[in-house]
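Student: Heads up: the protein sequence lines correspond to chains A and B, in order. Read left to right, the first sequence gives residues 321 to 558 (this note's numbering). Read left to right, the second sequence gives residues 3 to 369 (this note's numbering).
The hints are simulated quantities; they were obtained by calculation from the structure and are not laboratory data. Beta carbons are placed, not taken as given, at the ideal position from N, Cα and C, and that holds for glycine. Warning: the hint list may mix true and false statements.
In silico lysine-lysine, DSS-like type, Cα no more than 30 Å apart, as pairs [said to hold, decoys possible]:
#1 A:K393 <-> A:K541
#2 A:K442 <-> A:K322
#3 B:K359 <-> A:K441
#4 A:K393 <-> B:K90
#5 A:K356 <-> A:K508
#6 A:K464 <-> B:K155
#7 A:K464 <-> A:K393
#8 B:K359 <-> A:K340
#9 A:K442 <-> A:K385
#10 A:K516 <-> A:K393
#11 A:K385 <-> B:K359
#12 A:K446 <-> A:K518
#13 A:K501 <-> A:K441
#14 B:K229 <-> A:K336
#15 A:K441 <-> B:K229
#16 A:K340 <-> A:K405
#17 B:K359 <-> A:K464
#18 A:K322 <-> A:K336
#19 A:K442 <-> B:K155
#20 A:K442 <-> A:K501
#21 B:K229 <-> B:K90
#22 A:K356 <-> A:K322
#23 A:K541 <-> A:K464
#24 B:K229 <-> A:K405
#25 A:K356 <-> A:K464
#26 A:K405 <-> A:K393
#27 A:K393 <-> A:K340
#28 A:K355 <-> A:K340
#29 A:K442 <-> A:K393
#30 B:K144 <-> B:K155
Non-contacting residues of chain A with respect to chain B, defined by C-beta distances greater than 10 Å in every case (computed) [said to hold, decoys possible]:
#31 K336
#32 H375
#33 T462
#34 S469
#35 N544
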Amino acid sequence: MKEILFRLENVWKTYKMMGKGIETHALRGVSVDVKKGEYVAIIGPSGSGKSTLMHVMGCLDTPNKGNVYVDGKETSVLSEDDLAKIRRRKIGFVFQSYNLIQGLTAAENVALPMRLDGVGKKEAIKRAERYLLRVGLEHRLTHKPNQMSGGEQQRVAIARSLINDPEAILGDEPTGNLDTKSGLSVIKLLEELHVKEKKTVVIVTHDSRLAARADREIHIKDGNIDQDRTNHNNSHSH
Amino acid sequence: MIVDMVLMEFGRHKLRTLLTMLGIVIGIFLVTSVQSISEGVTYYVNDQIAITSGLVTVIESGGGYNVQSSEIDYSLMGELESIGGVDKVAVVKFMSFDDIGRVTGTTPESEDILKGVNIGIEEGRGAIEGAYEVEVGYSYAKNNGITLGDTLKINGSDFEVVGIMQESGDSDLDGSVIMFLDVMQELTGDYDTVSLFMIKPVSPADADFIEQTINEEYDDIQAATDKSIQESVGEMLSQLNIMTFALGGIASLISAIVIMNVMIMSVRERRRMIGTIKAIGGTDRQVISMILLEAVALSVMGAAIGVVLSFGGAAFINSFMPRPMAIITPRLIAIGFLLAISIGVISGITPARQAAKMDPIEALRYE
Ligand SMILES: Nc1ncnc2c1ncn2[C@@H]1O[C@H](COP(=O)(O)OP(=O)(O)O)[C@@H](O)[C@H]1O
Ligand SMILES: [Mg+2]
Numbered sequence: 321m322k323e324i325l326f327r328l329e330n331v332w333k334t335y336k337m338m339g340k341g342i343e344t345h346a347l348r349g350v351s352v353d354v355k356k357g358e359y360v361a362i363i364g365p366s367g368s369g370k371s372t373l374m375h376v377m378g379c380l381d382t383p384n385k386g387n388v389y390v391d392g393k394e395t396s397v398l399s400e401d402d403l404a405k406i407r408r409r410k411i412g413f414v415f416q417s418y419n420l421i422q423g424l425t426a427a428e429n430v431a432l433p434m435r436l437d438g439v440g441k442k443e444a445i446k447r448a449e450r451y452l453l454r455v456g457l458e459h460r461l462t463h464k465p466n467q468m469s470g471g472e473q474q475r476v477a478i479a480r481s482l483i484n485d486p487e488a489i490l491g492d493e494p495t496g497n498l499d500t501k502s503g504l505s506v507i508k509l510l511e512e513l514h515v516k517e518k519k520t521v522v523i524v525t526h527d528s529r530l531a532a533r534a535d536r537e538i539h540i541k542d543g544n545i546d547q548d549r550t551n552h553n554n555s556h557s558h
Numbered sequence: 003m004i005v006d007m008v009l010m011e012f013g014r015h016k017l018r019t020l021l022t023m024l025g026i027v028i029g030i031f032l033v034t035s036v037q038s039i040s041e042g043v044t045y046y047v048n049d050q051i052a053i054t055s056g057l058v059t060v061i062e063s064g065g066g067y068n069v070q071s072s073e074i075d076y077s078l079m080g081e082l083e084s085i086g087g088v089d090k091v092a093v094v095k096f097m098s099f100d101d102i103g104r105v106t107g108t109t110p111e112s113e114d115i116l117k118g119v120n121i122g123i124e125e126g127r128g129a130i131e132g133a134y135e136v137e138v139g140y141s142y143a144k145n146n147g148i149t150l151g152d153t154l155k156i157n158g159s160d161f162e163v164v165g166i167m168q169e170s171g172d173s174d175l176d177g178s179v180i181m182f183l184d185v186m187q188e189l190t191g192d193y194d195t196v197s198l199f200m201i202k203p204v205s206p207a208d209a210d211f212i213e214q215t216i217n218e219e220y221d222d223i224q225a226a227t228d229k230s231i232q233e234s235v236g237e238m239l240s241q242l243n244i245m246t247f248a249l250g251g252i253a254s255l256i257s258a259i260v261i262m263n264v265m266i267m268s269v270r271e272r273r274r275m276i277g278t279i280k281a282i283g284g285t286d287r288q289v290i291s292m293i294l295l296e297a298v299a300l301s302v303m304g305a306a307i308g309v310v311l312s313f314g315g316a317a318f319i320n321s322f323m324p325r326p327m328a329i330i331t332p333r334l335i336a337i338g339f340l341l342a343i344s345i346g347v348i349s350g351i352t353p354a355r356q357a358a359k360m361d362p363i364e365a366l367r368y369e
């Protein structure tokens, strides 16, 4: 039995529209476990609560009701600083629109989480260069985001998510802004990290073909888990 | 990392950075320039008082305290000597000659009074009355490479340097040539006017009475003790200080508002970047430090420019003065930077808190 990395127990997330008293339930009592080393796809229609689920899992957002455990720790009792530390060390985020910092070079962007963790510039940049090599961007070290293609930017973002050697990579539609070819190569990179480095990989997608590549598909509908199934015989699996 | 990010931000918005600093630049420039007068006057007066301590100084009425341009009637000396409490009266005449610059003329009795107070001869001996001999001030000798036995040509006549004075701390005296009044009178043909008298009271307690008597009985001359010089200069300075304070207050307020507004705007513009920093594990404190540092760096850079400009401002003020009065002292520069740092912190707090409060999800959703 593998260790559980993320555990959500009856998680509700409700948004109140200002003034109007209208409530939107983005999550309606979701319970789910993600084990260490799993490769999970979260799939569902737009507005079904996929991103919210991923944010709550990754300690970017807090539920209104229910409990979230990361690596066995209950997150509701943690301070803002502790949550930031989890995001910095245990989790690497990859976003649909890359979210690189425009004025910084690829290497500086990748180094950022390490520098936020208190590591000096030289050491962090050296390590960042290693990770850029790892994602096949050794020729883009000093390029700024606006000098790179979308696929390249997303690879920089993946390198950034890896630099503090996290347990898990959480990707919210990481291929959403990419063409099919570069999208596929980004997915393959994530899969390689899952296989070779035993990273827990959770991606949000609304592309069923991408979801089918994962070991496990969690289908979300109206803020609830509709289906949670394991895919056997995937080629990249161990 | 925080410093890099701040520098990067300035690099990306050079013009905006400059415009934001403008308020601080002007404010620090004005405050430092105006306050440089106060600094200079304080130095000058302290110099002056080092020499005249315990004496009552008598100069021409209405000329401020500018002893260089004071002209009083030499014949008053006898009357002053007869005032109760007066021990001795020293006489000093300042002249300026084209060939050697400032010359101070005294009498043997005056020298005794002055030397008794503060100044002695460092090297050589005192000049002899009637002889074409001079003593030179400490810095005059140093700056012009003058040694004992040298000959100085003053107004066409040769004078031998027979003594070099000790450093008095008074830049007027240290930078001048000292000769006897009788020789000076011979040289200039002016036997009637001198620059000032210095009265030595029988006891220090008599000084106030002497001052009062002279100021009540004479219209053309005014007397002042060290204390009253300090007081009246202090009064003038406090008016200047009030002006600086008002100027500084307004300038600081305006600069702080400008910086705060620009920072609030730029934080909003950068919500995506700030959200990203928080999402990848930056703490609220790191975000706050980043924005605060940005505000402080803006105002400190502005202050640096303002201080540099204020040297020009001081030179401008000095161009209207008979002698350099405005001095940019290290103290003044330090005050300017401290002011800038506080303006930076004050104007940075609100935008920094707004940045730290940003919800990373909202910030990332924002396109
Ligand atoms: N800040 C918010 N305020 C109000 N409603 C929100 C907010 N964020 C998300 N929602 C709503 O919550 C639901 C789920 O959103 P989300 O998790 O982003 O869906 P998905 O990622 O599956 O498209 C949607 O109906 C969305 O409109
Ligand atoms: Mg979404």
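Student: Now tell me, hint by hint, if it's right for this structure.
Tutor: Status of the hints after comparison with the structure:
1. Between the alpha carbons of A:K393 and A:K541 the distance comes to roughly 28 Å, so the proposed pair stays at or under 30 Å and holds.
2. For the proposed pair A:K442 and A:K322, the alpha carbon gap of about 37 Å is over 30 Å, so the pair is violated.
3. Straight-line distance between C-alpha atoms of B:K359 and A:K441 comes to about 27 Å, which keeps the hinted pair within the 30 Å bound.
4. Annotation: proposed proximity of A:K393 to B:K90 is violated, straight-line Cα distance about 92 Å (limit 30 Å).
5. Annotation: proposed proximity of A:K356 to A:K508 holds, straight-line Cα distance about 19 Å (limit 30 Å).
6. Taking the CA atoms of A:K464 and B:K155, the gap is near 73 Å; set against the 30 Å cutoff, the hint is violated.
7. Between the alpha carbons of A:K464 and A:K393 the distance comes to roughly 38 Å, so the proposed pair goes past 30 Å and is violated.
8. Taking the CA atoms of B:K359 and A:K340, the gap is near 24 Å; set against the 30 Å cutoff, the hint holds.
9. Restraint check: the Cα-Cα separation between A:K442 and A:K385 comes to about 43 Å, which exceeds 30 Å; the hinted pair is violated.
10. With a CA separation close to 27 Å, the supplied pair A:K516 and A:K393 stays within the 30 Å bound.
11. Note on A:K385 and B:K359: the hinted pairing holds, with a Cα-Cα distance of about 22 Å set against a maximum of 30 Å.
12. Distance check on the hinted pair: A:K446 and A:K518 sit about 23 Å apart at the alpha-carbon level, within 30 Å; holds.
13. Between the alpha carbons of A:K501 and A:K441 the distance comes to roughly 34 Å, so the proposed pair goes past 30 Å and is violated.
14. Simply put, B:K229 and A:K336 have alpha-carbon atoms about 74 Å apart, too far for the 30 Å limit, and the pair is violated.
15. Straight-line distance between C-alpha atoms of A:K441 and B:K229 comes to about 60 Å, which puts the hinted pair past the 30 Å bound.
16. A threshold of 30 Å between alpha carbons decides the hint, and for A:K340 with A:K405 the separation of about 36 Å lies outside it, so the pair is violated.
17. For the suggested pair B:K359 and A:K464, the alpha carbons sit about 28 Å apart, so the restraint of at most 30 Å is met.
18. Restraint check: the Cα-Cα separation between A:K322 and A:K336 comes to about 38 Å, which exceeds 30 Å; the hinted pair is violated.
19. In summary, the hint linking A:K442 to B:K155 is not supported, as the alpha carbons are separated by about 68 Å, beyond the 30 Å threshold.
20. A hinted pair counts as satisfied when its Cα atoms are at most 30 Å apart, and A:K442 with A:K501 does not qualify at roughly 35 Å.
21. At most 30 Å may separate the alpha-carbon atoms for a hinted pair to count; B:K229 and B:K90 meet this at roughly 20 Å.
22. The suggested pairing of A:K356 with A:K322 holds, with an alpha-carbon distance near 6 Å, which does not exceed 30 Å.
23. For the given pair, A:K541 sits about 39 Å from A:K464 by alpha-carbon distance, which is inconsistent with the 30 Å threshold.
24. For the hint pairing B:K229 with A:K405, the CA-to-CA distance comes to about 65 Å; that exceeds 30 Å, so the pair is violated.
25. Between A:K356 and A:K464, the direct Cα distance comes to roughly 34 Å. Violation of the 30 Å bound is thereby established for this hinted pair.
26. The straight-line distance between the Cα atoms of A:K405 and A:K393 is roughly 13 Å, inside the 30 Å bound, and the hint therefore holds.
27. Among the hinted pairs, A:K393 with A:K340 is inconsistent with the structure: their alpha-carbon atoms are about 36 Å apart, more than 30 Å.
28. Among the hinted pairs, A:K355 with A:K340 is inconsistent with the structure: their alpha-carbon atoms are about 40 Å apart, more than 30 Å.
29. With a C-alpha separation of about 33 Å, the suggested pairing of A:K442 with A:K393 is violated against the 30 Å cut-off.
30. Taking the CA atoms of B:K144 and B:K155, the gap is about 18 Å. The hint holds against a cut of 30 Å.
31. Once the 10 Å rule is applied to beta carbons, A:K336 is consistent with being away from chain B; the minimum gap is 14 Å.
32. Look at A:H375: its CB is around 6 Å from the nearest CB on chain B, not clear of 10 Å, so calling it non-interface is violated.
33. Every CB of chain B lies more than 10 Å from the CB of A:T462, the least distance being 14 Å, so the non-interface label holds.
34. For A:S469, the condition that its CB be more than 10 Å from all CB atoms of chain B holds, with the nearest at approximately 19 Å.
35. At roughly 20 Å from the closest C-beta of chain B, the C-beta of A:N544 stays outside 10 Å, upholding its exclusion from the interface.
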